[in-house]
Amino acid sequence: MTVVDAESRFHVLAVDDSIIDRKLIEMLLKTSSYQVTTVDSGSKALEVLGLREEGDDSSPSSSSSSPDHQEVGVNLIITDYCMPGMTGYDLLRRVKGSSSLKDIPVVIMSSENVPARINRCLEDGAEEFFLKPVKLADMKKLKSHLVRRKQPQLQPQEKPLPQQQKPEPLPQQQKPEPVPQEQKPDQASQQPAEDAPTPEVVAVSECSKKRKAAAIEPEVLSSPVTTNPRLPSSGLAVET
Amino acid sequence: MEYANLRRQAASLKRSLFDQVEDLQDEASPNFAEEVVSLFFKDSARLVANIEQAMEKYPGDFNRWDAHMQQLKGSCFSIGASKMNNECTSFRNSCGQENAEGCRKSFQKVKREHAILRQKLESYFQLLRQAGPARTATRSGGK
Chain A
1 MTVVDAESRF HVLAVDDSII DRKLIEMLLK TSSYQVTTVD SGSKALEVLG
51 LREEGDDSSP SSSSSSPDHQ EVGVNLIITD YCMPGMTGYD LLRRVKGSSS
101 LKDIPVVIMS SENVPARINR CLEDGAEEFF LKPVKLADMK KLKSHLVRRK
151 QPQLQPQEKP LPQQQKPEPL PQQQKPEPVP QEQKPDQASQ QPAEDAPTPE
201 VVAVSECSKK RKAAAIEPEV LSSPVTTNPR LPSSGLAVET
Chain B
1001 MEYANLRRQA ASLKRSLFDQ VEDLQDEASP NFAEEVVSLF FKDSARLVAN
1051 IEQAMEKYPG DFNRWDAHMQ QLKGSCFSIG ASKMNNECTS FRNSCGQENA
1101 EGCRKSFQKV KREHAILRQK LESYFQLLRQ AGPARTATRS GGK
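Line by line, the protein sequences give chains A and B.
The numbers in our numbering rise by one with no breaks, and the one at position 42 of the first sequence is 42.
The number in our numbering is simply the position in the second sequence, starting from 1, with 1000 added.
Simulated from the structure, these hints should not be mistaken for laboratory data.
Here the structure is a predicted model, which is why all the values come from computation and not from measurement.
Virtual Cβ for every residue (Gly too), placed ideally from N, Cα, C.
Mixed in with the good hints, there may be bad ones.
Claimed, not checked - Straight line, CA to CA, 27 Å or less: simulated DSSO-like cross-link-like pairs of lysine-lysine:
1) Lys135/A to Lys1057/B
2) Lys1111/B to Lys140/A
3) Lys44/A to Lys1042/B
4) Lys30/A to Lys1105/B
5) Lys1083/B to Lys1109/B
6) Lys1057/B to Lys1105/B
7) Lys102/A to Lys141/A
8) Lys1109/B to Lys1042/B
9) Lys141/A to Lys44/A
10) Lys30/A to Lys44/A
11) Lys1042/B to Lys1057/B
12) Lys1042/B to Lys1083/B
13) Lys1105/B to Lys135/A
14) Lys1111/B to Lys1057/B
15) Lys1057/B to Lys1120/B
Said to hold, decoys possible - Pulled from the structure, derived: some chain B residues nowhere near chain A, Cβ distances all over 12 Å:
16) Ala1004
17) Ser1029
18) Val1036
19) Lys1042
20) Asp1043
21) Ser1044
22) Ala1049
23) Gly1102
24) Ile1116
25) Gln1130
Could you put together the complete structure from these sequences and hints?
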């Protein structure tokens, strides 16, 4: 149950394949009074979240970790974009595609300022996109995504769904520019989304390929980092 | 003289590297900057070795080389090692052009900048220890 206690700390799951970045983000989060768990891959993140990599979260008994992600109590996921195996974007899609996890806010980080990439992440459910190096000031932006979820009654546009899974995604975002976003608009021929057993270099090349592809796409955002105006639909499993 | 030179280097290094890291350090662990740097060198040594190995074992596999270098570049970027970062970028550009010779040259530069950086940072931390009282209110001596 969602005990809204201002003093209880939020639990953030940070995902980054770089050990340096994990250390930095961990310190940033701890300094900002969050409880932190760091993992080095999207697949490990899914494990922590109680979701098997195959994407089947409908059978709780088959999950190796806690069947109910709320027991793990992750209030926010912050993930690097470019990672071998499952990219941050893939992880975002997995989380948002999961009925039990989709209300967890996801923030993406990247060292590359690629408007098309940023826009796609925001379109597909990310709350924020931070450009690396992430700063202490960026941590303040996280609060609003968490607090919002803790107090859904304060938001008039919220649908009154406490903890339930919404059947349909939110079409609430207003993006002025018609971004031709598909799953992966680039010519990333290798799609290591879900079944990249080896933490090899394939998906990382995809990130660099994306970068090249994105470089020729028109700039669709005036400012590279925007906050998604889309509000969450239902209360998040705020669990401490 | 050398001391003054090091001090100058340390100051500019501090400016370029540590503004953010030391913010965190002040707030939390007093050794955070040094921990991060130490972690960086362990990790980057590993990544450099990976690249070296990849270039030997997989000649012409520019995607692979590039992917490894991307990881190293990421670390450099995060810690603010801009010269090293630039050489990493050159390497990646050569990969993009499938220019093996360009890659090899850039890689030498990456390694050189890495060594220089290590030396500078070691000096920096040494300086910190020597200059201890100037940084903190108490005379904490060596660490």
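Each hint, compared with the structure:
no., hint, in the structure
1, Lys135/A to Lys1057/B, "39 Å, violated"
2, Lys1111/B to Lys140/A, "37 Å, violated"
3, Lys44/A to Lys1042/B, "23 Å, holds"
4, Lys30/A to Lys1105/B, "41 Å, violated"
5, Lys1083/B to Lys1109/B, "10 Å, holds"
6, Lys1057/B to Lys1105/B, "18 Å, holds"
7, Lys102/A to Lys141/A, "20 Å, holds"
8, Lys1109/B to Lys1042/B, "19 Å, holds"
9, Lys141/A to Lys44/A, "25 Å, holds"
10, Lys30/A to Lys44/A, "21 Å, holds"
11, Lys1042/B to Lys1057/B, "23 Å, holds"
12, Lys1042/B to Lys1083/B, "18 Å, holds"
13, Lys1105/B to Lys135/A, "34 Å, violated"
14, Lys1111/B to Lys1057/B, "19 Å, holds"
15, Lys1057/B to Lys1120/B, "32 Å, violated"
16, Ala1004, "30 Å, holds"
17, Ser1029, "8 Å, violated"
18, Val1036, "6 Å, violated"
19, Lys1042, "8 Å, violated"
20, Asp1043, "5 Å, violated"
21, Ser1044, "8 Å, violated"
22, Ala1049, "15 Å, holds"
23, Gly1102, "16 Å, holds"
24, Ile1116, "19 Å, holds"
25, Gln1130, "26 Å, holds"
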